[in-house]
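Residues per chain, in single letters:
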Amino acid sequence: MRVIVVGAGEVGQSIASNLAPSNDVIVIDRDDRVVEELTYSHDVLAIHGDGTTIETLREAGVERADLVIACTDSDESNVVICGSVKTATDAFTIARVRRRTLLETWEGSQGGFGVDFMVCTDLLTAQTIFRISGLPAAQDVDTFIGGLVRTAEFEIATDSPIANQPVREADRYDSLTFAAIFRDDDMIVVTGEAVIQPGDRVVVIGSADSVTTFADDITRNNRADSDEIVIVGASEIGYQAAREFENHGYRPRLIEQDHDRAREVAEELPHTTVLKSDATDIEFLGREHIDEADIVISSLGSDEKNLLVSLLARRLGVDRTVAIIENLEYAELFETVGIDVAINPREETSEEIVRFTRTNRTEKVAMLEHDRAEVIEIEATLDSDIIGQQIQDSMDALPDGVIIGAISRGGELVTPRGTTVIKPGDHIVVFVDSEVLDEVVEAI
Amino acid sequence: MRHYFRVDWRAGLSLVGTLLTFLSLAFVVPIVVALGYGGEDLWVFVVSMVLTAGFGISLRRFDPNPTPGAREAFFVVAFTWLFAAVFGAVPYILTGNGTIAHPVNALFESMSGFTTTGATVMGDISFDTHSRAIMMWRQLTQWLGGMGIIVLAVAILSQMAVGGAQLMKAEVPGPGISKLTPHIAETARVLWIAYIGFTVLLIALLYTLHLAGLAPNMGLYNAFAHGFTTLPTGGFSPEARSIEAFSPIVQWLIIPFMFIAGVNFVLWWYVISGDPWAILRDNEFRFYFGAVTVFSLVGTVLLFFDATLQTTETGQIGGNIERSARYAAFQIASLTNSTGYANMDFDAWGNPAKALLLFVMFLGGSAGSTGGGIKILRWLVIIKSLRREIFTTIHPEAVRPVRMNGKTLDEEAIRGIYAFTLLFLILFFSGFLLLAADTSRTADFDPHTLDLLTASIATLGNIGPGFGVVGPMGGYNEFPMSSKLLMILYMWIGRLEIFPVLVLLTAAYWRS
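Chains A and B are the protein sequences, given in the same order.
Position one of the first sequence corresponds to residue 38 (the working numbering), numbered consecutively onward.
Position one of the second sequence corresponds to residue 909 (the working numbering), numbered consecutively onward.
Accuracy of the hints is not assured; some may be wrong.
[Unchecked claim] Taking CB as the label site, the calculated pair distances span: (1) GLU305(A) / PRO972(B): 53 to 61 angstroms; (2) ARG136(A) / VAL1307(B): 33 to 41 angstroms; (3) THR1089(B) / LYS460(A): 35 to 43 angstroms; (4) ASP318(A) / PRO972(B): 55 to 63 angstroms; (5) ILE965(B) / ASP103(A): 39 to 47 angstroms; (6) ASP68(A) / ARG1194(B): 25 to 33 angstroms.
Honestly, the hints are just simulated from the structure, not real lab data.
Glycine included, C-beta positions come from ideal geometry on N, C-alpha and C.
Please put together the full structure from these sequences, using the hints given.
This is the structure in C-alpha cells:
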C-alpha cells in the first residue's frame, strides 16, 4: 500500500516508522531538517514541502496513493490537506484533529471536508484514560458511523426489567438489536427463545437514543457509586474523560480552578460533581477526602503541574494516579518518579491510526469480552456477497455467530429486519464471533 | 559496567561480519574463470572464499542481533571497505606470483581495485606471470567497488533496510543520497540495475566489435574485463598498455561509457524509466557534459597543433584530426571522472595539454556516480556561491539563496561542501609533501615534483595514473613501502569521501 503521511511530528514519525516495513511510505513536512533527518533514520521517502498544496502532493505521487494521513499539529491544515487530496484522487484520507467540534461537524456529514476517517486526539485520550483506569465497565459503550450507532454491553441485575425474559419479549425497544449474551465464559448467540438470566452480559446494537433509553431502563440501580474518580483540570481532555466515565455509569468528580470553565463543564456534565478549586490546596483536598479516591487523573494544561498533582495525590494515599503528559520524553521519567500511568495523547493518536490502517476495509472495530467477539463497521461494496438480498436470505450465506446490528444509508439509520435489503454503499455494523471474523470480512 | 567506548563497536563489527560473509560470494566469479582456464589458481580462490566467510561469520558472534545507530554507520562503512581490501588481497599473496605477492603490494593492488583507483604495483601485467583468474579478480574488485559494496548489500539483504540509508550516505559519492522510492532497498536495487545494465551493454558491444572483426584482441575475456572496469570508473586492464592495445573503434566506444559512469546513476534511472528529459534539466549533468565537451575540444586543438607529438605506438598525432580528437577526448573523459584508462602514453604530451589533464583530475565525477574526486556538484555549488559573494560585494543588502535544480540550498550544506573541498585539497598537498619526504630517503628512486603531485591526487581522487614514473604505462611499484601504505590510506579515505574514515581517527568519536 502506498501511504502518504503529511506532517512529521511525533504522530507522523511514529505512524511512518510503524507502516514503513510493509508499505511504501512517503512523508511530507515543511521543515527541511526534519526531512533530511527522516531520510536517513526511517525507511521512507521524505519530501520537503507544504502538504496543503497540490504540487507537493503530486510530487509525493498522490495519484497513486491508497491512503493519506494528515497529522500536522494544526486541525485546519489537516482538514485542508484531506480536501486537497480529494481534488486529485479518491485515496482514503485520515485527519487527526484536536478539537471535538470538528469531529462533531464531520460526524454529522459522512465524508465531510473530504475526510474519510477522523481521529480526535482529545476524545481518544479520554477513552484511553477510561480504559486504563482499570475499573470494571458497568457498561461498555462504543460508537459507530459517526455516533449514529452505538453498541453497548450491560450486566443484567436481578431486579432488571428484562431479567428472566426470553429475547423475543425483551426485544421491545425501537431500533435496537440484541446481538449476543455472554454467560460466564460462554457466548450465546441470540435466538428468540434464549432467556436472559441475571448475571448475563448482554450486547445490544442500536441508535444512540435507543441505547441510552435501554441503559436507563435496565440499570436503574446499577450505578457504580462505590468507585471514587477524581479528575483534576477541566481541559478538553479532562472534560472528555469525565464524560467518558459518565457514559460508563460512573459519577466522577472534576476539579477546575477557573470559575467560568467550571460552570461551563458543570452544565454539560449532569452526573459529574464539578468543584471549583486549586487542586494543590491541601486543605481543600482533605476536606473533600480526595485521599480516599481510587484514581486521580491529572489533565491540567502543563506536564509539570500534572506531575505535581499526581505526586501530591500519591502522598495523600491515592491508589492510582494517571497523568496526561504531552512531552513524550517526560512520560517514562514521570512514571519512574511515581506516576502510575503517563498518557501521551500523540502516542495514542498514532497507535489508533496505525491500528486503523491495519484493519483493512473495516472502518471501526470494537472488541468485546477480551476479543471473544467484535463489533465492526463495514461499507458494503458492489462485490459483496450480501448485496441485493433480504437479510434473512443473506444470513444463510454467512457463517454462524454473525448478527447485523444496524445499517446506515446516506447518513440515515435503517433498523435491520429480516426483510431489509442491503445496498452498495451502506455502512453496516456487524457483531461477529472472533473465530469467523476473517471469513465474514471477506464475504462483505 | 562502565563502557570505555561510547560506540557500539560490537554491533558495528557484527554488521561488518555480515557484509564480509556476503562479499565472500564474489569469489565465485574467479573460481568460474579458473575452472574455464584449466583450473589454474582454483584453490587460491576457494581458500580465500573460506577465509573471508569464516572471518565474517566469526565477527558476527560479537553481537548476534546488532542494532547499529547513526554513529556506528561510519565504523561499519570504513571497516567493511578496509576488510574488503584486506581479504581481496589474499589471492594475490597466496598465488605468490610477481611483485604483488608482497603483502603491502597485495593490499595496495586490492585497495586500488575496490576503491576503483586503478593505480597498480603489478610489475609485469601479462598472463605470463599471472593467471587469468587472478587478473579477472583484479577487474572484479573494481566492479564491486564501483557502485559500492554497501549499496549492493542494502539492495539484497533485507536486514539492511533500517539504517541502510545511513550506511549508503557514508558510501555513495557526493554530499547525500536521493531516495527514488520509499524503501531504501528498492533505491539501491534501482542503482545496481542501471549499473549492471550499462555493464552488460558495454560487454555486449565490445564482443560484437570483436565478432565483427573490428577488434581482434577484444575476445570474451577482455570484453568482460573491460566491462568490469569502465562503468565503475576503475581503470585496471589486463593489457599492459591499457586501452592502447585495442583498435580505434574500441577506444571510441569506451569514451561514451566512461562518460556515462561519471553521471549520477539516479539520472540514468529516470532515463531508463521513461523520462529522458530529466537528465537534461539537471544542473550537474549539464555542467559535467559542458566541461567534458569543452575540455575535449581544447585538448584536441592542443594536440592537433603540437606538430612534434608522436610516439612509436600511435604514430604522428599532431596534424591528424581523428587521432587528436580520439586521444584528447579519451583522456579527458578518463581523467575527469577518475577512470584512469589510457589509450596512449599521455606523458608524451606537451606542457599545455598535460596541464589540462592535471586540471581535470581535480574535477571528479558527478555526485551519485561511480567516479571519485571532489565531484562536479561541489564545484558547481562553489562557483555559484562565489558568484553570490561577488554579487553581494556590489549589493551588500542583497539576499540571494544558492539554487541547485531550482531548489534553494541550505547554507549549512554549502558550508559542508566548502569544508570537504578544502580538506580534500589540504590532504592532497600533505600527501605530496609526505611522498616527497619519504621518497627522498631512497637513493635509486628519484621521481619528479610533478610525478609526486599527480601520485597524491591520483590516489586521493581514485584516478590511478599520473605523470612520469606513475604515468599510464608506469606504476607505483618503485615507491618505498611507507609511501605505499600512505597511498593505501589515501585511496581508502578518498573513496569514502574522507569524513567517514577521518571521524574514526578522532577521540570524540569513540568517547562521548
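Against the structure, the hints:
1. GLU305(A) / PRO972(B): 53 to 61 angstroms: The hinted range 53 to 61 angstroms holds for GLU305(A) and PRO972(B), with Cβ atoms some 57 angstroms apart.
2. ARG136(A) / VAL1307(B): 33 to 41 angstroms: 38 angstroms, holds
3. THR1089(B) / LYS460(A): 35 to 43 angstroms: 40 angstroms, holds
4. ASP318(A) / PRO972(B): 55 to 63 angstroms: 56 angstroms, holds
5. ILE965(B) / ASP103(A): 39 to 47 angstroms: With a Cβ separation near 41 angstroms, ILE965(B) and ASP103(A) satisfy 39 to 47 angstroms, so the hint holds.
6. ASP68(A) / ARG1194(B): 25 to 33 angstroms: For ARG1194(B) against ASP68(A), whose Cβ atoms are near 30 angstroms apart, the range 25 to 33 angstroms holds.
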